[in-house]
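Residue strings, one per chain:
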Amino acid sequence: MPETVNGIAFFLLAFATIGGAVMMLSTRNVVHAAFWLLETMLATAGLYLLLDAEFLALVQVLVYAGAVSVLVLFTIMLTLRRREDAVRPFEPGWGGMALAALFGGAMLVAISRAQLPAAKLPEAPPTVADFGRVLFTQWAVPFEIASLVLLVALVGAVWWSGGDRR
Amino acid sequence: MGYVALIPLLPALSFAVLAPLPRAWRNWLVPVSVAAVVASLGLSVAAFAATWPGGHEAHAQTAFEAVFAHIGGAELAFRLVVDPVSALMALVVTLVGTAVQVYSVGYMHREERIGWYFAALSLFTAAMLTLVLADNFLQLYMAWEVMGLCSYLLIGFWHQQPGPRAASMKAFLTTRVGDVGFALGLLVMYANVGSFDFAAVLHEHAWQPAAATAVALLLLFGAMGKSAQLPLHVWLPDAMAGPTPASALIHAATMVAAGVYLVGRAMPIFEASGVALTVTLIVGALTALVGGLLAAVQHDVKKVLAYSTISQLGYMFVALGAGGFVAGMYHLVTHAFFKSLLFLGAGVIIHAAHTQDMREMGGLAKHMPVTTAAFGAGALALAGVPPMAGFFSKDEILTVLVHEHQYAALAIALAAAFVTAFYVARLFFRVFTGPPQTEHLKEAHVEMLAPMVVLAAITAVVGFAGPALGEFLGHEIPWPEPGVAALSVGVAAAGLAAGWWVYGRRTVVLNTRPLKERFGVLYTALSLKLYFDLTYDNFVVKPYARLAAWLARFDLGVIDGVVNGAGRLWQALSAAGSWFDTRAVDGAVNGAAAAVVASGERVRAIQVGRVQAYQALMFGAIVLVMLLLVVKGV
Amino acid sequence: MTIGAPAGAAQFMALSAVLFSLGLYGALSRKNAVMVLMSLELMANAVNLNLVSLTRFVDPAAMTGQFFAVFSMVVSAAEIGLGLALVLAIYRQKKTVELEAMEELKG
Amino acid sequence: MASHLLTAIVFVPLAGAVACALAPSARASRALALAVSGVVLALAVWLVAAFEPGAGMQFVERARWIPQIGAEYHLGVDGISLPMLALSALLTLLAVVASWNVSERPKTYFALLMLLAVGMNGVFVALDFVLFYVFWELVLVPMYFLIAWWGGPRRQYASIKFFLYTLFGSVFMLVGIIALYLHPAGGTLDITALAGRGFPAQFQMWAFAAFFLGFAVKVPVFPLHTWLPDAHVEAPTAASVLLAGILLKMGTYGFIRVTLPILPEASRAWAPAVAALAAVSIVYGAALAFAQKDLKKLVAYSSVSHMGFVMLGIAAGTAEGISGAVAVMFSHGVITGMLFLLVGMVYERTHTRMIEDVSGLSVQTPVAGGLLAFASFASLGLPGLSGFVGEFLSLLGAWKSELVPAGWVVVSAVGVLLAAAYMLSVVQRVVLGEPSKAVAGISDLSLREVGVLVPLVALTLVVGVWWDSLLRYVAPVAAELAKRAVGS
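Protein chains in written order, with our numbering: chain A, 4 to 169; chain H, 11 to 644; chain B, 3 to 109; chain V, 216 to 703.
Calculated directly from the structure, the hints in this document are not laboratory data. There are no misleading hints in this set.
With beta-carbon atoms standing in for the labels, derived distance ranges:
| no. | chain 1 | residue 1 | chain 2 | residue 2 | range |
| --- | --- | --- | --- | --- | --- |
| 1 | V | E563 | A | A113 | 56 to 62 Å |
| 2 | V | G666 | H | F542 | 46 to 52 Å |
| 3 | A | P92 | H | G530 | 47 to 53 Å |
| 4 | A | V131 | H | G575 | 47 to 53 Å |
| 5 | V | G285 | A | P95 | 54 to 60 Å |
All values reported here derive from a predicted model rather than from experimental measurement. Each residue gets a CB set at the ideal place from its N, CA and C atoms; glycine is no exception.
The task is simple: from the sequences and hints, build the whole structure.
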């Protein structure tokens, strides 16, 4: 397998990712923001495909694009009393922007200096079948724990959002 | 000649007496101000008479000297010095000043604040006299600025109305733009010569062309502001919001001519430069023409006269730019007389017609014969018709241009002369002929008419004294020259005839629409004052206000933000070792302890209870560590 | 770096850093709790992208990063579920989702 | 007595502070403060009368103090500290009179004013670095409490900011002092003795940087100015007057007393940068003043602009420039004091400082309006009033100086125009026009208030007309400094 991936595809997907994030942060409508988040997530799924991680791309689409977006939209709708509440004044947040910019800048500097270890590239990328095999053998215990976490989270979420208790 | 010191001192004293008093006393003491200026006039006549015999050969005589500062090896002195030019100027200033003050007694007698008006007039007179009697540029500059103050006070005399208030500020600021140039000129002058004295700067110092050009252009810039030359002329028409007699004194006869006086005084520097003379010529020529054109489209009587003043001052600059010092000064003198006459006449007209708009006037001649005659004399002088004074002085300027072969300037000057005659005719015929539009027209009181009659007499006579005056000032060129005189009279007659053709033949109602339509674009541009005001407003004033507001936000947001950010960071650091007990030391008088208390209080503020604040703190710390790593190159 | 040149680990890391910073900015500056949670998702997403891309460019056969990403997604899914539930709960009590209203922890 | 005149001027207020604090009643405390500041002013007048114009220190007092480090009790005045000392004594008296009606904890208030006077007078006469530093820091404490206890709504924030900011600066100054003391060429804490010691150029650069931070915060120079508007706006009137009139001048006085003679080479090397900062301060302060809606804030930013002229003159290092700098220091103290007093008096009546709410003062209250207009014209540098003297001389000196690039002088000269813009906009909106709702019905200044302003008006006129009344003290020292230190 090659040491790099297709630059054009990367550029387009990266643009879509960052553009979606920027739009999400700059739009004044919360509902629009949720849809821009969805767009970012889908573009990220495309990046996973580019990185030969088909399974993850699938999971990304299912979990983020499907479940999380729907959840977010539901919450937005449940917490809006009027349609106009969805539109909020833009909050520039200069301090946050400065901090984030500093952080990002420092990261970029660090990345530009980083030395990666030499790559061990096999002939062909591993398939989804390989992925499944390893997940359920070597990573079986963590997988089970993760399931448990999800279950607890589910129960907790139901508990917290359960309306009639109080 | 010690009495010369009293010439500016008397008006200054009358200001010092009037200004601090309560209003009622001030109003009651108005005669003091008039008496002071009359006394100054008497002394000026004496000084002039004493200087006359020697003519321009006479040595400058120091009448008063007081060193007010010793600085860096130089002595800065306040001196009152009489030489032919300053004696003549003092005479003109006190003469016009007296006329205006006498006239004002009648014109302003209904004003509540008449005392303050006279106080400001007195201060102005004192400053102008100090200026013309100065023998160094610093004193000249200081008096110059004080005049600016008086101009500001008098333009804004009716400050309860927004118009005069805005006009006064505009006048002060616009002239101060020029004054910055003047001040810089003084700096360059001092750096080169080490003195401000006329003797040292003008005669003893050997000027390098570059330095001379710098100084001359900067002084010229100052003069352009004060004398309302293009492109700094915008304040003068607005300044007409002030009382009319004040306009006559300040914005027609004396203060605005101070720029001409300055350039005239600094002539040796201009001559050493050469370039500066050309620039003066160009500025003057453009101003003469543009001012005349603008005057021709105004409807407000005073604004016609204001633009006319701008144009005539341009004429004086043309003379100076061509090297005709005497011609310029002579035109200054005659202009002072006939223009103040015209302004005083305008005041009478406005009182009688209860409007400043020419379109609502007409037929004043029948009811106000004296005013008409006096105003007519002034108008003819302005148009340059012999034997009025204006003809002689304008003729000398044209002669200088011919003599120096400045034919382009000559052409522009003749064009300006034509336009001048045209708008003079327009003004005269609109106001004094045709059907009356106002009832109960009455001639003015004697205290207003007398000064006008005197000025009109001077205007009619002083032209014949021209050659003698020129000799007195030391003129360079013999004049009048018949050919030039014929040309000038011809142009003036043509202009007057054109004006009569359009405005004088009317029987019932005047219709100028065809004329306006024929000159559509030009007329629009002229009626918008050639876009000068719009340009300044949109490209200087408003951007500056926006910039200032933006800087204020920048100061609060960025510079102060950095400070406060540093403060918060410091608090975060001290929070790490939060060992203060904030309450234990509360109420301690000790300064350091109190600072700790207060900072403890402030430290508590970071426990805001908001998730994002904690998050910011966390990432702030991470960023710090990262920056440290990046800087250390890990 | 020119546009369209083949992309390697550094480019992906840079992309992920930018994405993370954007998410950080949103999380720090938005006053709406839902927006903050969405920004947190953005940050989690950036982390996942980093994991996947590094494993692809360093040791694709082991797929370690991909497994990590799976678990990370699980956790962030749980987190957003819980987070939104909390938002709903708070909304019910305070009738607002503004973070400014939530400062019981003020010292 | 004459030999201990300076000690008396510095420490009589200290006794006054104690007396004011222990006075049996508020009225007694007030009377004591008035008496003490009156005595100090009388002593200062005596000092001025006995002073012989010329270079060099006079009325020098020396005594052993801390022999372990060689610190001495060393006082003296020269032509530069004399006007500042006299101004300090005058403004203290006026501040006491202006705060006549303080009702909240008056005893503490007057005691703090007296304590402040100790520090201010001390800074201008101290010739020993330790003594100088002690007085310098002593000033901070009473000023902090004056702002924090008698200030406006945001007084906590403003007072802390003022305190920490200036403390931050003075720490660097302390570093500089210690560096001078420890350097082999130095070894003494005597300010006069350190002059002309010939420190190495590299060392001078660093020492200058340290002193610069310490002094520049106090001046303040852009971009270290942001404490000033906050402190001024929140401070009570008397504190504003002293803050603008005296405290700011401590910074520029430090430049003249310390960096010019002791670190001449660094002063020369840094001059272009200092001039640039000065020019930026002038224009920036003027633009910001123009944008303000709060009258007091406007005056505060105008101070930033005016102090820029002081820095310009100091950067020039010529006799004209230094004289101009001191003249601006003096006249700014007088004029800005007048402006702050007037703003305070107007505020007491209208309860607003917003420019848009106040108009037509000259109609309703001709005395207040007239004096405000007078002070405004003095502030914008009208010749014949004292504001012009310093600004003109600073520009003159800067243009003549080879150290200051001409461009910055031009920029500074434009600042004169901008000063006219913001001051006239005040006159136009506040003094002129029809009286606004807030102004209608207010009373004109009382005799006490006019009495406070009259000395300042008189000084403005006298110095503006007869420059030598101030310059005959300043010019010889300035010439000496320019010749010895900057070599022009």
